[in-house]
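The whole structure should be built from the sequences, with the hints applied where relevant.
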Amino acid sequence: MNKAGGIICLIAGIFSVFAAGATLFLGGLGAALEAEGGETVIMLGWVGLLMSFVIIILGAIAIGKASKLLGGIIVLSSIVGAVVAVHLLQFSWCCLF
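Residues in the sequence shown are numbered consecutively from 228, following the numbering used here.
There may be inaccurate statements among the hints.
Unchecked claim - Computed spacing ranges between beta-carbons, pair by pair:
hint: 1; residue 1: L277; residue 2: A231; range: 24 to 30 Å
hint: 2; residue 1: K230; residue 2: G299; range: 30 to 36 Å
hint: 3; residue 1: F252; residue 2: V310; range: 17 to 23 Å
hint: 4; residue 1: T267; residue 2: I290; range: 32 to 38 Å
hint: 5; residue 1: G291; residue 2: A262; range: 40 to 46 Å
hint: 6; residue 1: I288; residue 2: F252; range: 25 to 31 Å
hint: 7; residue 1: N229; residue 2: F280; range: 18 to 24 Å
Don't read these hints as lab results, they were simulated from the structure. Being a predicted model, the structure only gives us computed values, none of them experimental. Think of the CB as a built atom: it goes at the ideal place given N, C-alpha and C, for glycine as much as any other residue.
Below, the structure written as C-alpha cells:
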C-alpha cells in the first residue's frame, strides 16, 4: 500500500504543478492588465506551487518508508493546497460578478 500511495502522491503533485503554473500565468496576466487582485492570485499560485513540491517530495519518501507521521503530513499539505484553491475560486468568482 505504501508504494501505491506514494505513486498517487507523485501523480497528484505533478498535476498540481501544472495547476499552479496556470494560476501563476493568470495572476501575471491580471497584474499586467492592472486587474484588481492580480497580486493575490500570484501569491496563491506560489503557495500552490510550494505545496505541490512538498507533496511530490513526501510521495517519493512514502514509496520507500512506512510512517503514520508521513501520511499525516501528506494529508495536512493536501488540505492546505485545497484551502488555497478554494480561496482562489472564491476570489475569481467575486471578480467576475
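For each hint, the structure was consulted:
no.: 1; hint: L277 to A231: 24 to 30 Å; verdict: holds (25 Å)
no.: 2; hint: K230 to G299: 30 to 36 Å; verdict: violated (19 Å)
no.: 3; hint: F252 to V310: 17 to 23 Å; verdict: holds (21 Å)
no.: 4; hint: T267 to I290: 32 to 38 Å; verdict: holds (36 Å)
no.: 5; hint: G291 to A262: 40 to 46 Å; verdict: holds (45 Å)
no.: 6; hint: I288 to F252: 25 to 31 Å; verdict: holds (30 Å)
no.: 7; hint: N229 to F280: 18 to 24 Å; verdict: holds (20 Å)
Violated hints amount to a single one, hint 2; each of the other numbered hints is respected by the structure.
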